[in-house]
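Asker: Protein chains in written order, with this note's numbering: chain W, 142 to 493; chain B, 142 to 493; chain C, 142 to 493; chain X, 142 to 493.
Treat each hint with caution, since some may be false.
If chains are identical, the list can't say which one is meant, so a pair holds when it fits in one copy or spans any two.
In silico DSS-like pairs for lysine-lysine, Cα to Cα no more than 25 angstroms straight-line [claimed, not checked]:
#, residue 1, residue 2
1, K230, K219
2, K211, K418
3, K208, K418
4, K401, K467
5, K467, K208
6, K418, K219
7, K230, K401
8, K337, K211
9, K401, K319
10, K401, K208
11, K188, K337
12, K188, K418
13, K219, K319
14, K208, K188
15, K211, K467
16, K319, K211
17, K319, K230
18, K418, K467
19, K401, K418
These aren't lab readings, by the way, just hints derived from the structure by calculation.
Protein chains: 4
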Amino acid sequence: MIIVMQPEAGEAEIAAVEARIRAAGLDVHVSRGTERTLIGAVGDERKLDPEMFDPLPGVERSMHILKPYKLVAREWHKASTIVDVAGVKIGANAVQVIAGPCSVETQPQMDAAADGVAAAGARLMRGGAFKPRTSPYAFQGKGVDGLCMLKDAAARHGLPIVTELMDVRMLDAFLEHKVDVIQIGTRNMQNFDLLKEVGRVDVPVILKRGMSATISEWLMAAEYIAAGGNHRIMLCERGIRTFETAYRNVLDVTAVAVLKRETHLPVIVDPSHAGGKAWMVPALSCAALAAGADALLIEVHPCPPEAWCDADQALTPGEFAALMDKLDALAHALGRRIDRRAAEVESAALAR
Amino acid sequence: MIIVMQPEAGEAEIAAVEARIRAAGLDVHVSRGTERTLIGAVGDERKLDPEMFDPLPGVERSMHILKPYKLVAREWHKASTIVDVAGVKIGANAVQVIAGPCSVETQPQMDAAADGVAAAGARLMRGGAFKPRTSPYAFQGKGVDGLCMLKDAAARHGLPIVTELMDVRMLDAFLEHKVDVIQIGTRNMQNFDLLKEVGRVDVPVILKRGMSATISEWLMAAEYIAAGGNHRIMLCERGIRTFETAYRNVLDVTAVAVLKRETHLPVIVDPSHAGGKAWMVPALSCAALAAGADALLIEVHPCPPEAWCDADQALTPGEFAALMDKLDALAHALGRRIDRRAAEVESAALAR
Amino acid sequence: MIIVMQPEAGEAEIAAVEARIRAAGLDVHVSRGTERTLIGAVGDERKLDPEMFDPLPGVERSMHILKPYKLVAREWHKASTIVDVAGVKIGANAVQVIAGPCSVETQPQMDAAADGVAAAGARLMRGGAFKPRTSPYAFQGKGVDGLCMLKDAAARHGLPIVTELMDVRMLDAFLEHKVDVIQIGTRNMQNFDLLKEVGRVDVPVILKRGMSATISEWLMAAEYIAAGGNHRIMLCERGIRTFETAYRNVLDVTAVAVLKRETHLPVIVDPSHAGGKAWMVPALSCAALAAGADALLIEVHPCPPEAWCDADQALTPGEFAALMDKLDALAHALGRRIDRRAAEVESAALAR
Amino acid sequence: MIIVMQPEAGEAEIAAVEARIRAAGLDVHVSRGTERTLIGAVGDERKLDPEMFDPLPGVERSMHILKPYKLVAREWHKASTIVDVAGVKIGANAVQVIAGPCSVETQPQMDAAADGVAAAGARLMRGGAFKPRTSPYAFQGKGVDGLCMLKDAAARHGLPIVTELMDVRMLDAFLEHKVDVIQIGTRNMQNFDLLKEVGRVDVPVILKRGMSATISEWLMAAEYIAAGGNHRIMLCERGIRTFETAYRNVLDVTAVAVLKRETHLPVIVDPSHAGGKAWMVPALSCAALAAGADALLIEVHPCPPEAWCDADQALTPGEFAALMDKLDALAHALGRRIDRRAAEVESAALAR
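With the rest of the complex left out, here is chain W (with noise of 0.2 angstroms):
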C-alpha cells in the first residue's frame, strides 16, 4: 500500500502514518518526492485498507498496490480450475453448454425441454424453481416441486441440473434433491450470508455478476465462497446496467478476456439474459465463445411463447440445435470443440 501525503503534511503526520503501518506488522519505506511524500507499506498490504490511512492529518490519499482477492486469483494459483459436474468438465479445452427454460413450469415441459436439451447434445440442463422477480405479483416459481421436475426431467438424458438458490433456508432441500450445481443469481452477488453457506457445502457454483459489479467486487464475492472451503466455483457474465436502453444488458465480452487472466477459475457467459432476446442469442452465443468462455448458459423452451417467464428470450429445441452446429464450427476455428453427447446429437441431426 502507498500513501500519498498532502504537500504540507509535516514530519509529526508521516510519524504517525509510520507508526500506523508498523502497528499492522509492516516495514516502512519512505519516498520524498518533490511535490509529494510517499510511503510504501512493506509486507502483506492486504492487513490494510486505504480507510486506516486517509482520515489521519497530512494524509491525501492511500492506495492498493496489490488485488484484494488471492484464493480465487491467478497470481497464486497458476493452473485453470476445472469443475467437475457428475463428470462433465467445465474449465477444460471443451466447451460446455447448459440449456433449459428460465423457470420450471410443469413436468411435460420440463420433459419436452430436457429432450431438446439432449438432443443438441448440451451436457448440462438448467432450469429455475425458485425465481427472483421484479414484481411482488410476478410468478414467483414451483418451489422444491419444482426441483423434483427438473430432476427428474434431466435424469432421463443423465444430464446433472443447475439451478439457482434465492433463500439461504432452502439449502438443505438443494443437498436433499442433489442439485448438481448451485446458482447464484445477480441480485445476491453481495448476499454475504448465502455466500458463507455455499462456501460451506460440496456442491460446485455457479456465481453471477452481479448487474453493476466489478471484477473486483465479482472476485471478493467468489473469495467469500472459497474462505469457506468450497473451491468448486464458477463465475458466469450476464450482461451489465449501463446507459444504452436498446437491449437489456450489456454482454460484457471484456471480462471474460480479463478473468481468464486475473483468476483460475471458469468462466461461463449467459448470452440469454445478456440481451434478452432470442434473435440476439446466436451473435452473443458466439462472441462468448470467440472472447474466451469455457461455457455458455443458454435458454431453451419447448414453446417459448407460452412461457410463464422471459418468453422472449428463450430459443426453440430447432433453433438451439442449430446454434450448438454453429458453435461447433466456431470452437474449432479457436482450437477448442464443444463437449456434445455424440449418439443423441445425430439422432437429432436426422429429424432436422
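Based on these hints, arrange chains B, C and X on the given structure of chain W.
Answerer: The following block gives chains B, C and X in isolation, referenced to the frame of chain W:
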C-alpha cells in the same frame, strides 16, 4: 398496455394478439396508423407483461402505460405516509436526523457515540451490528452482541435504533432485541426472500436503494414489503454507481424530488455513504435537505480515525453538532425544521 | 508516478524502467516489497504517462500520483477565481442566476423573456442562437439573427448575455456581436480545437460538463482553455448520464463539492437540463445552491408550452420569480445571498 | 405518437392535445381506458416531439412509437449498404481489416507500419495525424505533415487510408490530400457542424460511437451525415463508458447485433481502443467478428513501446499477422472470410 405491430403484420397476427389480451380478461382497442397498427389493452394492465406479447409473430414491441407499483404509489394513496418510530415521526414537516457509527465496536465506543448523537439533538441512532463487507477477511460486525451494545447505548438517551438486517435467519433476534427500525441494505434491495419476511413483521423498514437500481425497481422492492402487509416503509437514497471515479457514489438528489411525487413513502438520504468522505457530508446533507429529504442518515463516530469500518466518512460529534445547526437554519429557510431534542442541544451548545 | 513491477520481473526489466524515467529527466526511487518491486519517479511526473511504462517487459501497471491539471488546480492557485462579466461577479459570495429561454425564437419572445428575467432580479441572460439538436430535422437555431435578438432584448435591461458556441467558424461573429459569455456545450466539452480557440480570446467561458465526463477530464478540458491564456473559465454541471431512465440526467451535486476543493474556478449548475422537467427545477436549484454552487443557469420562457425547444423544462416568469425568492431565503441560511437587481425585484413583487 | 393523459384530465385538456396534433397535420385516435385516456397521433409522427405535448395541462407523458432515424434505417432500406473505398468493399460478406498506428510519428515509422499492415494482408491503413488528447500538454499530432506521411507510406502498398478529422477547418486539406476515409472520433460524434460538413462531401465516413452514446443518438448522428447527401457511412463501435474500472471501456458486442438489424450501414469494431491493452486485442477482435462485424480497426505499430501515443494497445506486426490468421479461420467458420491481399500474405507467412 400498447402492443406495436410490425409494419408487415397481417390480420392473423393481430387477431392472435387480441386473443391473448382477451384471454387475460381485458378489452382490446385497435388503432391502425399509417406506419404501424397499435393494439391497446383496456383494463388492469398489471396482469399483462411485455414478454407475453413480444415473442408472438408480427409484434414489434409492447409497453406498459401504467407504472407497475400500486401500494406504494402516490397515485393510489395521495397523502404522505408518516412513519412513527417510538414516537418519532418520519415523513412529516419536521426533518429527522438518524446518526451513529458505521459499525458497533465496543460498549464505550457506542456510549460515546450515543452521547454525541444526543447532544447534537438527533432523535434516532444508527449502528451496524451485521456488516456487509466486500472482503471476507474484513471485520464482519459484532453480531447479536452488537445489537445489545447499540440498544443499551441508545436507551440511555431514549433514542430508537436503526440497524441493518442481512440474513433472514436473524430476524427473530432483531424482534427479540426490539430493534426499532430494520434497515435493508443496498446489496439486499432485491433479496426478495428477505423483503417478504420483513413485509410480515410490524417493525418499520428503511429500504436502501440498490447501487444501480432504477426508481421503478426500488419502488417494486418496496411493493414486496407492502404486499406482505407492512406499510411502514421508508426509502433511503445512498448514492448510485456511475462512471465517475473521483468519489465513491453519486448522490442522486433528483431521485428525492421524483420519489416525493411518485410515492407517499418518506424519503431518507444517507450523505455519508454517498460521498465516502467526511468533508463531503455537510454539503451533501444540505443538498439532500434542499431537495426535499424527510430525514438524513449520518455517520458519527467518537473518534473517526480509530473506526473499524468506513473511518473516512464519519463525522466527529463536534462536526456533527455544527452540521445540525447549519441544517436547522437551512430547514427554516425551506419552511421546515429539524426535529431536535431541545434540552440536550442547549447543553451541547454550551459545551462548544 | 509509481511503476509496479510484475512479481517475476528481473533486474534487467527494472533497469529498463529506471532508464526510461531518467531519460525523461526525473530521478528514480526503488522500493522492494515482499510481493512487488515499486519504482517511483521523482520530479515533475506530468512529463510521464502510464503508457510509457505499461508496454515495457515486466511492468504490471503504473499510476500517476499527482492530478494532471495544473493551471485550473486549487493546489497551485489557492484563492477562488472571481469572473467579472461586465461588472457582474461570478464566484464571489453572492450567487448569480443566469436565466432565459432555451432557444431564441423571435424578438417579441426574447423581449418578454428579458422582461421576466429582469423582473425577477437575475443579472445575466441566456438564450441559444445555435442549437445542438439530436435530430438533423429539428430546429437548429436562428443563428446570427438570434444573437442580435438576444443582445437587443438583454440590452434593454442591461443584462450581459450567455450563449452557446458550437462551431469554431462562428467565433468572430460572437466577438463582433459582443457576446459577454461564451458557453461550450456538453457535446463539445472535448472538441479540443474549439477549446483552443476560446482559449485565445478575452471573453469569459462557461464550460459545460460532458454527458459522461469525469471530473478529471472536465478539468483537463478547462486546462485547454487556460493553457491558451484565457483564465476566465466557469464550470457548469448539467447532469450526467447514468442507468436511470425515470429522468433525463442525474444532477451530480457531489461534483459541486468536489470541484470547489479541486479547482479555484467558479462552479455553475444548470438544473433545467439536468432534470428535463420544469417541476423538478425548484428542488434541483435549491439542492445545487445548498451544495455550494456559485451560480445557476435556469430556463425561463414567456410561454413554455409554445417554446420551440425543451418546452417541458422552462419555467414561466412567475414561477421563476417565486423561485428567486425561495433561493434568496436559502442563500441567506447558507451565509450567502442571491445577487438580485433591487429595483426591478420590487416592482415584480408588486406585480405578483 | 401516443399521448397518455393524467387520470384526472378533463375533456378540455384532451381537446387541447387533439388540436395540437391536428395543427401538425396528423389525425387523432382517442382510446379511453379504465385508468387513463390515450391519444394517438395518426400520420408521420416524426413531425411531433414529446416536448410539444408534455407541458400541456393534463398530459402525463407522451412517447414516440417509431424510431427517429429514417435514411439510415433498415426499415426503409432493406439491402445492406456496401461502401466502396477505392475498390475495397466494406459491408459485404468478406470482412475487412483496417490497421496502422494510433498516431503518425515519422516517415520511417509509417513506412515500417505500412509494411507490417500489408504483409499481414490488411487492405486499408489507419493513422492519426490530428489527435484528440485529454491533456493540452500531450502530443497533438503531426497535422498536415502527418497526412502526407500516412498517404505516402500507404501508397507504397496501394492501401487506401483512414484518418480522423477533428476540425471542420481542416476538411479542405483532407480533400486535397485525398484521404480515402474520414474518421469522426468518439468525442465529435455529436459535433453537429462537423457532421453537416462531412455530409456534403463525396468521401466515405467512419462515425465512431460517442463514449456514452445510445444506439439511437448514434444513428441520428449518422442521419445528419446522410441528410447532407453523403450515404457512404460506416459505424464504428469502440467501447462504451461504464462503471467498470478494470479496463478502459466495455466493448459492446450487443450493439453490433442490434445495429445489423436496425440499420443497413456497415458496422466496424475497434478492439484496440475498447480494451486499451494489446493483450486484449485478439480476444476482442474474435468476439467482434463472431458478433457480426463487417470490419475491424486494429492498432499496429512497428515498435509499440516506442509509440508516442497509446503505446500499450498496439500490436507488433508479428502479433498482427498471427491475429489475421486466427481471424481468417474464425471467419470461415462463420461463413465469411477475411479479405486479405494474397501475395503479400504469402511472403509474410514465409518470413514468420
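Asker: Indicate, hint by hint, whether the structure satisfies it.
Answerer: Do the hints match the structure? See the list:
no. : hint          : in the structure
1   : K230 <-> K219 : within (18 angstroms within a copy, 44 angstroms between copies)
2   : K211 <-> K418 : between (37 angstroms within a copy, 23 angstroms between copies)
3   : K208 <-> K418 : between (36 angstroms within a copy, 18 angstroms between copies)
4   : K401 <-> K467 : both (23 angstroms within a copy, 19 angstroms between copies)
5   : K467 <-> K208 : neither (38 angstroms within a copy, 32 angstroms between copies)
6   : K418 <-> K219 : between (37 angstroms within a copy, 21 angstroms between copies)
7   : K230 <-> K401 : within (17 angstroms within a copy, 35 angstroms between copies)
8   : K337 <-> K211 : within (17 angstroms within a copy, 36 angstroms between copies)
9   : K401 <-> K319 : neither (30 angstroms within a copy, 44 angstroms between copies)
10  : K401 <-> K208 : within (15 angstroms within a copy, 32 angstroms between copies)
11  : K188 <-> K337 : within (21 angstroms within a copy, 37 angstroms between copies)
12  : K188 <-> K418 : between (45 angstroms within a copy, 21 angstroms between copies)
13  : K219 <-> K319 : neither (31 angstroms within a copy, 50 angstroms between copies)
14  : K208 <-> K188 : within (12 angstroms within a copy, 27 angstroms between copies)
15  : K211 <-> K467 : neither (37 angstroms within a copy, 33 angstroms between copies)
16  : K319 <-> K211 : neither (30 angstroms within a copy, 39 angstroms between copies)
17  : K319 <-> K230 : within (18 angstroms within a copy, 50 angstroms between copies)
18  : K418 <-> K467 : within (19 angstroms within a copy, 30 angstroms between copies)
19  : K401 <-> K418 : between (27 angstroms within a copy, 15 angstroms between copies)
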